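Student: Using the hints, put the two standalone chains together into the complex.
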Amino acid sequence: MKPKVAIFSLTSCEGCSLAILELEDRLLDILGAVEIVNFREGMTPRSWDIDLGFVDGAVSTPEDEKELLTIREHCKVLVAIGACACLGGINTLKNPQGKDSYAPYVYGDQAKWFPTTDAKPISAVVDVDYQLPGCPMVKEEFLRFVQCILAGRTFRLPETAVCVECKKNGNLCLYEKGVVCLGPITRAGCEAICPTYGSKCEACRGIVSEDALKAANINLQEQYDVSLEDVLADLRLFGAHQDTTLP
Amino acid sequence: MKNVTIDVKHITRVEGHGNISVNVENGEITKLQLAIVESPRYFESFLRGRDYREAPHITCRICGICSVGHTTSSVKAIEAACGIEVTEQTVSLRKLIFYGEQLQSHVLHLYFLAVPDYLGVGSVIPLASTHPDVVKRALRMKRLANDVCAVVGGRHIHPIAVHVGGFTHIPKEEELLDLKRRLEAARADLAETASLYAQLKLPGLHRDTEYVSLKVTDNGEYAFYDGDIVSTLDPKPTKVKDYRKRVIESVVEHSAAKHCVSPNAPTYAVGALARFNNNHEQLHPAARGVAKELGLTAPCDNPFHNNTAQLVECVHCVEASIELIDTLLTRGLTVEAIVPPTRFGTGAGASEVPRGVLFHEYSLDEAGKIENANLVIPTGQNLANIEADLRAMVPPLLDSDMSTQEMTLQLEMLVRAYDPCISCATHFLDVEWVS
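Just so you know, the sequences run in chain order A and B. So for the first sequence, the working numbering puts the first residue at 1; every next one is plus one. So for the second sequence, the working numbering puts the first residue at 1001; every next one is plus one.
Chain B with its partners taken away, still in its complex shape (with noise of 0.2 Å):
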């Protein structure tokens, strides 16, 4: 029977840094935990005492890959706890960044994550010279999701024009027809894109879980700025403000980021396949087309088509975001002065950031200052699902005559699937061996 240890020493997080350890005795696994092994960041409790105004622009600092998801859950938690509704302009305007924060990330872990891996190089840097093509248009398409939200919030990370209750900004309308021009020359990248990842091969993991999302069930849109929480096992709606009826967090001692569960399963994922499988028919038909021509279905549960998952949603945020360019120009641009509260309570807000539903949630004093804050990060809500994929992956492995590297890799390129929040999670170092 095997003996195998398996030490992957920071993987790189969950914002920042983790660890996963294998060992197996026998043939039988006696340990297997995914470590969070990231600094503590404390952003609830350096919320407390805050202004109500300053909660997205401190809370877009946990991450700067999706700062604008962070932005985001945290003005809509606001608005709630102030009353707040914001404008029709607003909404689309927040849309349209959201849309392009989603592509700049999902394009970042496609091409600098995870086809390093499948082309069997060690980062992305070697492709310079080997297929600069491919990275040219990798660059080209993350260049053009960094510029809709610099033309809408001023700039990516940290973005500056979007407050509580509206914009201090508005765009040019130069601004978008040029990139709206450009949007529609990104569907031959996105296209090129998709014959690239029909050629990879994927591995095949398939096991019972849950799959949680955001859904919108009055108008037909697919989620990512709004909608109420379902599941694949519970699809009946639970509005966000009832959230912690879905999810449940806990803290581990190998984890700095919480672990989270849910009544109907003893792990769930959030996240691209999670919103695929529970709203795929909302997705624009040319987003459909691409999820077909890529084999991937609803439901799937191979957690590695998260990666196609990803491609669809960049196709359907591409002619979303055209859409929406065309209503706004078609609307005229105002400047539009920033809604005030009406009342300070308590709210909670949720988006669908890139790597799945982010809940924030506020209690404001009466004058307005913090109270209390509880912020629920996707990667947190993953990680008992990683594991738990991990677990059920290894044994065909050692069945298999792999080498302990060969395993390894696979092992990563699972966590990687993920695209476990961060830039950083594009490679891991240090793998260990220990005989």
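The shape of chain A in the complex, shown without the other chains (with noise of 0.2 Å):
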């Protein structure tokens, strides 16, 4: 028997969804082994007998939650995919404004016909089995996380922070261009790609260890005189600081 696949978007830009077709020659193999029996991104039939669910995208709506407690019950294993999923992602943005500010901007006195709640990762409402995190998910941790599953494997994130994968590609530390960069504190597995391309690391992945924080908040303070504030600013942009409180 194959394993029962089922996709689940909330509130999200379905990138992470998007990145499993992104797949593509490596998708019909997955399409081999497993049988998707629920994918609205991708599908017409319906079943709510899972094995394996995936959920993009935060919660931020009482219809979010409902669907999720929905789809937790009918799942055997959960597995949140992405930032919005892990950690609230960029949803969260909107939580520290309150919702008799964020939500008036958008729509005005008919903010009332749209109901939402504070955006939070998907392990708010429910139990979750796995996190595969990143914005979007890393396409290639998703295959070797499928792999696993369908071995009998264990699957574990890496337990170390960008800085290492960053070093390894022979980038040169943004810090020493005077650039903030969140790779010291981020779980690794994304092989720096923003590094790589230039561009600082913003904490898509969620912090790595509280060790890894204790450490980098001194480090970077007496190393480059980068303020608390400075790095709290860049967390927030993925809702990373929400799972801990910085020392």
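To give an idea of the chain A side of the interface with chain B (calculated C-beta under 8 Å), a few residues:
#, residue
1, E14
2, G15
3, E22
4, Y105
5, V106
6, F114
7, T116
8, S199
Keep in mind the hints are simulated off the structure, nothing from the lab. Because the structure is a prediction, the values reported are computed rather than measured. Built from N, CA and C at the ideal position, the CB exists for glycine as well.
Tutor: So this is what it looks like as structure tokens:
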């Protein structure tokens, strides 16, 4: 029996679901090994007997919350894909502004027609078995995850910081150019793609560990005179600061 | 007289979830709505207070499928607000990644979304076994389009190297040469695609409406990256900074995506067909050839031909990309510094993303923080027009001897022809019948 797989989207750009389609030819291999029973982006039929369910997007409406509870009930294994599902993602930028401010700014007096809540990761509502972080999630990591599950092997996320992969790529450290980069505290697994293309890491894969955070907080201040406030502002971009409190 | 109720829940959107509801009592339409029930996103709110340099990296997260498009309109609007003039190389690289996304999005729509309807299957998945060549061809073109984006911007979904003022990474010569070789090979795939499309029977719907797009008025280029606003009803160009004269946004209760009206017509359409209608003379000759082969002539008011116009644009994008790569290689690529702001003020920017013209507008405070933002999304502009089309389509369907199921499919196909933003617009789910 092929495992039954489903892919769902809550509040998101659906880029992580799209990333699955962008596996291109490797997608055909996956389609041979599993049975997709529910994938709104790609198909008509629908079944709720699900072995492995993937969810992209944050919870940001009462509807999202209801749908997520239903999804959890029907999925033997539930996987959060992407920064929105894992951390709340870019959607959390509205939270500190308060609903009375961000809702009328977009919809004016009609804001009441569109119920909304603060954005949160799906783990705030249901138990989550695995997380595949990133904005968007890393396609290769998704593939590795599916291979592990199909082979009955254990899947683990890397426990090192992005700096490790960045060094391996031979990049000049962005701090040397005076740029605040979140690589030192962010979970690796993205091949340090942003610094490799000349941009700072923005922690879309979340904080790798409390220890990395503590160490970076001291080191960055001492070596580069980077304030905690600057670090915090960037951590807010994908909701990474919500997972933990800064030392 | 007929009584019919159609409830298509979760079409998929416009960034997500949409429903079609139709009620017919005694042969009269008593309700017809394309309801957008997607979670409201509030991007305009959460841009407030952010640094101007973050705008493209935040707004590309509006949509995974057109993230290059959002990035492009965003950098252009911020640059207008900051008095930044980017270099010729920057413009060329931006156009190249833009063509890559256009091709990726159109191929996805044509093959994964539209073709299954016409071949009578529920998704692309069964086609993998019944039509393996078709699926492999689609994936090959999609992969090429993604690689164009990856070579220029680091990746397609949420590009990295595209910044306000320039690029933080430039492609290697051999990467561009490899893309050129594959783009040339893609001509054969596009010819096959055109042959496939020539066999499909497109439904017909004709309704007077306005087609709005950008138009390049000075150098004869087909408008994707730049241009002024024109339309079939008002061809006199309007500058993008005055976009509010042509686009009036309003909030309606059944749609978390805002509706838009124009001063010239109660509804208007944007997208590939609008671009074709306004700019067909500026298409590459090879693209014009395919249009002719498929019987697409301007002005065309059959919305189902948006599919055809997308295919024509695929041909244009491949040819234009090859020409751009030649230009870039002849000039030679150099690492350039990011151009800094000369002031902080207000600015608007627009580009013709796969689903139509996309406006971004920002005002910045004296420290370069965003004070206000307004984003006008193509699918939002199309919503009222799609509803009007649905309304026009229902009476002839009622007069035909179609089953309710067949009628529903026709209505879904109409909505899908507009390619409402997103991979998720692929297929409607949960068709509910209430008798």
